[in-house]
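> Letter by letter, the chains look like this.
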Amino acid sequence: MGRAYELRIPPPFDEAVKSMEREIMRFLMRSTGDREDAKDLFQETWLRAYRAYPSLQTEDGLRPWIFRIASNLCRNRVRDRMRRARVITNASANGAALGDSASSSARGGPDAMLHLKRSIARLPGKQGQALMMRKFAGLEYAEIGAALNCSVQSARASVYQALRKLKADE
Amino acid sequence: MMSTNKIATRLEQTPIDDGVLDAMINEARSGIERDMQLIRRPEARVGVIPSPVGRLLIAESKRGLATIHFLALDGAERTLEKLRKKFDLIENEASTRRVGAEIDRLFKGDLSVLAHRVDLTLVESDFQRRALTSLRTVPAGAVITYQGLAAAVGHPNSQRAIGTTMASNPVPIFVPCHRVIRSDGSIGNYGGGVENKVKLLRAEGFNVGRDLRLPARAVMGHRKTRIFCRPECSAAKRADSSRMLIFADAQCAGQAGLRACKLCRPM
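Chains R and X, in that order, give the protein sequences.
Using my numbering, you'd call the opening residue of the first sequence number 531 and step up by one each time.
Using my numbering, you'd call the opening residue of the second sequence number -1 and step up by one each time.
Accuracy of the hints is not assured; some may be wrong.
[Unchecked claim] Going by beta-carbon spacing under 10 Å, a handful of chain R positions derived as facing chain X:
no. : residue
1   : Arg565
2   : Arg581
3   : Gly675
[To be verified] Far from chain R by the CB rule (all over 10 Å, computed), these chain X residues:
no. : residue
4   : Asp16
5   : Arg38
6   : Ala74
7   : Arg82
8   : Lys83
9   : Arg96
10  : Gly161
11  : Thr162
12  : Ser181
13  : Gly183
14  : Ser184
15  : Lys222
16  : Gln253
17  : Lys260
Just so you know, these hints were derived from the structure itself, not from any lab.
Everything numeric in this text was worked out from a predicted model, so none of it was measured.
For glycine and all other residues, C-beta sits at the position ideal for the given N, C-alpha and C.
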């Protein structure tokens, strides 16, 4: 007797994405640097992903796919803010954005962390997002490539360039 | 100047506490739940069953059977794609086995199983929905022509559109598109294969001839007057084609509760 899983039916949406909640929230928190923005984008990511879930062919591509949605939303948010000529200051960002104050002071003090945060914020969009995905969400280069719609080599190069720019800023 | 490796190490060692993330996720969840209620697709249980007409992919929602797909003829990819756009699919063999048991009972002569509720969510146009709903009123043991069904839904010249509707019927067997035949008396095509059309018609008591045409003793029955005639009867020729059904023989028409015409005396 045949079984439905032979038909390659992806698991229900809630079940499939449950394990990625923390990763996505961490990525959004790092990307936006603001707790309320991160929660807002998290909600938006979930709703967009649910709507588009039927177009996802297999479960294998789920992780980069959902990161792609999240990173697109981050980019849209920044673009919208720039259009409204709002000044985004990293100083107003939540302290948890790049780690709590206790951990930052233990590794060079709050000033050094603030400087690093500003340097990351100044990175070009793709490099910044590739760096976030690699260093904070732990994605493989292939997954970053799929999420940012570029090749594995390009994803690797983006992370490298981002780190090089941070080093030059130090 | 700090090395690239040291920067990477520092980035990796500045974690956000899982507790903070969980609290934020919980705060976001209430908004997600509220919005998901508006966009959540209904659930449908899916599975594959063997049957006397080959392996079938079954999908059933709370409203009824949403899809029956003959797997012997082609893959299920397109059907699953359509289903996923409208439903959240859940693998559930127990539910689909129950439908399989009903199909087995149909082939053993239990026609009551055909009253199973159907969910026509996958039907795309109002015309198609009306045609399929109207088709369900054709009793087991009788057939109707494409032209007759087109007339029954108020479009007497739309027999080709009826053909397209039958070809895309999402719930064959339970929405009996196998009961639609050509006006020339041949049984026509079937999405699940002509062989299965013949099997289904025979299971319902309509004995199709070996030449895949209506049997010579077939009679025409009128749905409203409940009278059946020979095809050549002048009364049958005058009658509204949208109300005419075809029975395999006079006995079948009699069993369906119709009386014989007093002009042509088919019995």
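> The structure should be examined with respect to each hint, and the outcome stated for every one.
Now for the hints, and whether the structure bears them out:
1. Arg565: At about 7 Å, which falls below the 10 Å cut-off, the nearest Cβ of chain X leaves the hint on arginine 565/R intact, so it holds.
2. Arg581: holds, 6 Å
3. Gly675: Cβ of glycine 675/R sits 19 Å from chain X, so the hint is violated.
4. Asp16: At roughly 6 Å from the nearest Cβ of chain R, aspartate 16/X sits no farther out than 10 Å, so the non-interface label is violated.
5. Arg38: violated, 8 Å
6. Ala74: Contrary to the label, alanine 74/X does not stay out of reach of chain R, its closest Cβ about 5 Å off (not over 10 Å).
7. Arg82: The claim is violated: arginine 82/X sits with its nearest Cβ about 4 Å from chain R, within 10 Å.
8. Lys83: violated, 5 Å
9. Arg96: Consistent with the label, arginine 96/X stays out of reach of chain R, its closest Cβ about 14 Å off (over 10 Å).
10. Gly161: holds, 28 Å
11. Thr162: About 24 Å separates threonine 162/X from the closest Cβ of chain R, which puts it past 10 Å; holds.
12. Ser181: Correct as stated: the minimum Cβ-Cβ distance to chain R is 38 Å, above 10 Å.
13. Gly183: holds, 37 Å
14. Ser184: holds, 33 Å
15. Lys222: holds, 44 Å
16. Gln253: Per Cβ check, glutamine 253/X is outside 10 Å of chain R; nearest 36 Å; holds.
17. Lys260: The assertion about lysine 260/X holds, with a minimum of 54 Å to chain R.
When the structure is compared with the earlier hints, violations turn up for hints 3, 4, 5, 6, 7 and 8 and for no others.
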